[in-house]
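Colleague: Here is what each chain is made of, one letter per residue.
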Amino acid sequence: MSDDDTIESEIETAIRDNHPALITYVCAGDPSLEATAAYVEALDRGGADLIELGLPFSEPIAEGPTIQASIDRALGAGTSPQGFFELVDELETDAPLLVMTYYNMILQYEAAETADAPGTDGASLRGGPGVGPFVERAADAGLSGIIVPDLPAEEADPLRDACDEHGLDLVFIVAPTTEGERLERIMSQVSGFAYVQARLGTTGARGDVSNATHDSLARLAEYDGVPKAVGFGVSEGDHAAEIVEAGADGVIVGSALVDIVAEHGSDGDAPAADALEAKAHELKAGAIRGADETTPPKDTPEPEQP
Amino acid sequence: MTTSDRDRDGEDRRDSTTTFGEYGGRYVPEALMPAILELEDAYERYVLANEDGFMDEFRERMCEFGGRPTPLQRAGRLSDRYDREIYLKREDLVHGGAHKLNNALGQVLLAKYMGKERIIAETGAGQHGTATAMAAAHLDVPCEIYMGRTDVNRQRPNVYRMRMNGAEVNPVTAGSGTLKEAINETMRDWATTVETTHYVIGSVVGPHPFPKMVRDFQAVIGQEAREQIREQAGQLPDSVVACAGGGSNTMGAFYAFVPDSAEPRSGADSSSAERSSADSQAAQPRDDGEQTEPREHVDLVAVEAGGSSLEIDEEMGLAPNSATLSTGTDGVLHGAMTKLLQRGDGQIVESHSVSAGLDYAGVGPELSHLVETGRVMPESVGDEAALEAFHRLSRLEGIIPALESSHALGYLEEVAGPDADGSADLGDVVVVNLSGRGDKDLETVLEETETRDLAAAPDVEVFDR
Numbered sequence: 001m002s003d004d005d006t007i008e009s010e011i012e013t014a015i016r017d018n019h020p021a022l023i024t025y026v027c028a029g030d031p032s033l034e035a036t037a038a039y040v041e042a043l044d045r046g047g048a049d050l051i052e053l054g055l056p057f058s059e060p061i062a063e064g065p066t067i068q069a070s071i072d073r074a075l076g077a078g079t080s081p082q083g084f085f086e087l088v089d090e091l092e093t094d095a096p097l098l099v100m101t102y103y104n105m106i107l108q109y110e111a112a113e114t115a116d117a118p119g120t121d122g123a124s125l126r127g128g129p130g131v132g133p134f135v136e137r138a139a140d141a142g143l144s145g146i147i148v149p150d151l152p153a154e155e156a157d158p159l160r161d162a163c164d165e166h167g168l169d170l171v172f173i174v175a176p177t178t179e180g181e182r183l184e185r186i187m188s189q190v191s192g193f194a195y196v197q198a199r200l201g202t203t204g205a206r207g208d209v210s211n212a213t214h215d216s217l218a219r220l221a222e223y224d225g226v227p228k229a230v231g232f233g234v235s236e237g238d239h240a241a242e243i244v245e246a247g248a249d250g251v252i253v254g255s256a257l258v259d260i261v262a263e264h265g266s267d268g269d270a271p272a273a274d275a276l277e278a279k280a281h282e283l284k285a286g287a288i289r290g291a292d293e294t295t296p297p298k299d300t301p302e303p304e305q306p
Numbered sequence: 001m002t003t004s005d006r007d008r009d010g011e012d013r014r015d016s017t018t019t020f021g022e023y024g025g026r027y028v029p030e031a032l033m034p035a036i037l038e039l040e041d042a043y044e045r046y047v048l049a050n051e052d053g054f055m056d057e058f059r060e061r062m063c064e065f066g067g068r069p070t071p072l073q074r075a076g077r078l079s080d081r082y083d084r085e086i087y088l089k090r091e092d093l094v095h096g097g098a099h100k101l102n103n104a105l106g107q108v109l110l111a112k113y114m115g116k117e118r119i120i121a122e123t124g125a126g127q128h129g130t131a132t133a134m135a136a137a138h139l140d141v142p143c144e145i146y147m148g149r150t151d152v153n154r155q156r157p158n159v160y161r162m163r164m165n166g167a168e169v170n171p172v173t174a175g176s177g178t179l180k181e182a183i184n185e186t187m188r189d190w191a192t193t194v195e196t197t198h199y200v201i202g203s204v205v206g207p208h209p210f211p212k213m214v215r216d217f218q219a220v221i222g223q224e225a226r227e228q229i230r231e232q233a234g235q236l237p238d239s240v241v242a243c244a245g246g247g248s249n250t251m252g253a254f255y256a257f258v259p260d261s262a263e264p265r266s267g268a269d270s271s272s273a274e275r276s277s278a279d280s281q282a283a284q285p286r287d288d289g290e291q292t293e294p295r296e297h298v299d300l301v302a303v304e305a306g307g308s309s310l311e312i313d314e315e316m317g318l319a320p321n322s323a324t325l326s327t328g329t330d331g332v333l334h335g336a337m338t339k340l341l342q343r344g345d346g347q348i349v350e351s352h353s354v355s356a357g358l359d360y361a362g363v364g365p366e367l368s369h370l371v372e373t374g375r376v377m378p379e380s381v382g383d384e385a386a387l388e389a390f391h392r393l394s395r396l397e398g399i400i401p402a403l404e405s406s407h408a409l410g411y412l413e414e415v416a417g418p419d420a421d422g423s424a425d426l427g428d429v430v431v432v433n434l435s436g437r438g439d440k441d442l443e444t445v446l447e448e449t450e451t452r453d454l455a456a457a458p459d460v461e462v463f464d465r
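For the record, the sequence lines run as chains A and B. The opening residue of the first sequence carries number 1 in full-length UniProt numbering; numbering runs sequentially from there. The opening residue of the second sequence carries number 1 in full-length UniProt numbering; numbering runs sequentially from there.
These are calculated hints, taken from the structure and not from any lab test. You may find that some hints are simply not true.
[As the list claims (entries may be wrong)] Short derived list, chain B residues pointing at chain A, Cβ under 7 angstroms:
{"id": "1", "residue": "P29"}
{"id": "2", "residue": "E30"}
{"id": "3", "residue": "A31"}
{"id": "4", "residue": "T192"}
{"id": "5", "residue": "D345"}
[To be verified] Far from chain B, by Cβ distances over 12 angstroms, these chain A residues were calculated:
{"id": "6", "residue": "E90"}
{"id": "7", "residue": "E92"}
{"id": "8", "residue": "T294"}
Think of the CB as a built atom: it goes at the ideal place given N, C-alpha and C, for glycine as much as any other residue.
Work out the full structure, taking the sequences as your base and the hints as a guide.
Modeller: Shown next, in the form of structure tokens:
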């Protein structure tokens, strides 16, 4: 929700203008950065309203086997933070882009230009690594937000400060175990959208929609100022429909898309891109179907004019 | 420190008790945070405040089941060789053959007090896995162990021991199939089963409160040694030497001696200076009268695995060592800010040591802090010197040490042996923590000895006769 004198985030705008939103994930560099560029454009054409790009880290503790394997392929192909940002520099999509990565990747990123920009490292450790250079580079590349699966709200102050300074959203995950005072605090700090984790465990495509999804959305219903997108296990249009019908503002799909990359990635960029575009269509159509089944949320504001 | 002392709604939510200076913290997926907070609460109530007599039961079981206290033994022939008094803290005599049970039994018992129905743990070489499996059998809790595929293959006897104690063993095929991957996979299991399951982490690593809690379960090593050396040598040791991988035997051996420093206590940001007073009285009872005596200084030396070289191969993403305290840089791995073996871009590298128990790219955050503040000296000993020390202790003292502990013994030789350059002085009275026995390492030692020319190794031509 935005007051008249504040600017709503690009991410929030994208979700509200395209309600219900489709948010997609692929890992950058799997099988190559060139291929990722083609995939991202295909997802954009296929109806993705936000695109998460994974910056691969060697110890992805929140990921299931599908995305672990994708990260391994990306690292095996030599994907570096520099290469990642150069890819994002070149991408032109309607959908805003977010980076999803682990905290150590953010801490260790040292942009060459930091020496010229003193005072940006207020959040850094004494004599140690800091989050400033990464966030600054992310903003320069045109990224709209950051998701860090191993950074709970308790440890997020330095990154949140840097994101505020550079105008990026810091998306927090709300798990089935997030309740009470912690839930309240996370929902008050979240920007962009709340990433509602559909079930306990790791990422990965599942055959059904977890009951925990419905419970979580019910628990979050009172926070109607924050868009809520559901991820972890969403793989089909019918899942998207069910989740949106249950009150979500968007669905997040990763492993099901990474499966397509794994299957077609070695055939050249075109077949995988076509398959990704078709999958995005299916998911977006499912989400819209779900929205038609439900009455429009009463507090949804009119789309704001740019 | 109790939960109510914390200002969770205040401006600065970064709770200083979750860190050691700049190190530590709780860098875990959101799904685990409630369990981390629940564990923190249980740690404060049962371990620090001895609620429901938890610590009494723990100590009693460590005596009856675990064989504590362990002796502090004067090693006569080593003392002669090094021309000073060498004492061995015999953690190799703990049930299971290593200090690992101190922590495993403590955590499995805590899990029972917390009403958890299931135990999971990671293991590298299998020592923590076997200790956890023993404790879980002893306390009748279902137990699953994650172990890298490579380690499963090279540590078959330990896999079998775990199975005999009733534990499930889940091989992890990701990456190089060693400890780091096993920890990743155990965290993934925990993120799925967190409501019913306790993760028995095997060292002073991971998110708060694990580093403090594991340290408190292991601190009995130094507490006993401190009393024993006073009785036997009439003084505190001039130095305590322990090997360091993740650092649980290291912190266990050092913790009671950390305040024994001639150096002025460091500034207000140093959590170690305050920590012995308030937050751990139940875990570490101190004699009040002692504080007024003149302070004796005890050097603390953490000996890491130098492997075959201290350089990192950036291109291969490989460190042929596990010398994290000596060569690592600050970063976040497995839930904590600590020193790590990593590339410049933040990818964690594969570590190496001839000793599987030291083979880890991270280290406990409290050790990082104690090194950073100068209280603990990091040193490293390579594969070959550790193998020599393995044979030397076996020959001179009739004790076959674990390859991990052999690194601490190798350091003695390096600074006090016949070829020592005199650059370091251990003093007249030295305690070495003999963290485990070496029976588990015989295969490795045989293989490694065959490929090298080790002065201290016996000839085994008997096989050819």
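Colleague: Confirm or reject each hint.
Modeller: Hint by hint, here is what the structure shows:
1. P29: Check passed: Cβ of B:P29 comes within 5 angstroms of chain A, closer than 7 angstroms.
2. E30: holds (4 angstroms)
3. A31: Hint holds; B:A31 Cβ to chain A Cβ min 4 angstroms, cut 7 angstroms.
4. T192: Holds, because the Cβ-Cβ distance from B:T192 to chain A comes to roughly 4 angstroms (cut-off 7 angstroms).
5. D345: Constraint on B:D345 satisfied, holds at 6 angstroms.
6. E90: Non-interface label on A:E90 holds, nearest chain B Cβ at 20 angstroms vs cutoff 12 angstroms.
7. E92: Answer for A:E92: holds, closest chain B Cβ roughly 26 angstroms.
8. T294: The claim stands: A:T294 keeps its Cβ more than 12 angstroms from every Cβ of chain B (closest is about 27 angstroms).
Of the hints listed earlier, there is not a single one the structure fails to meet.
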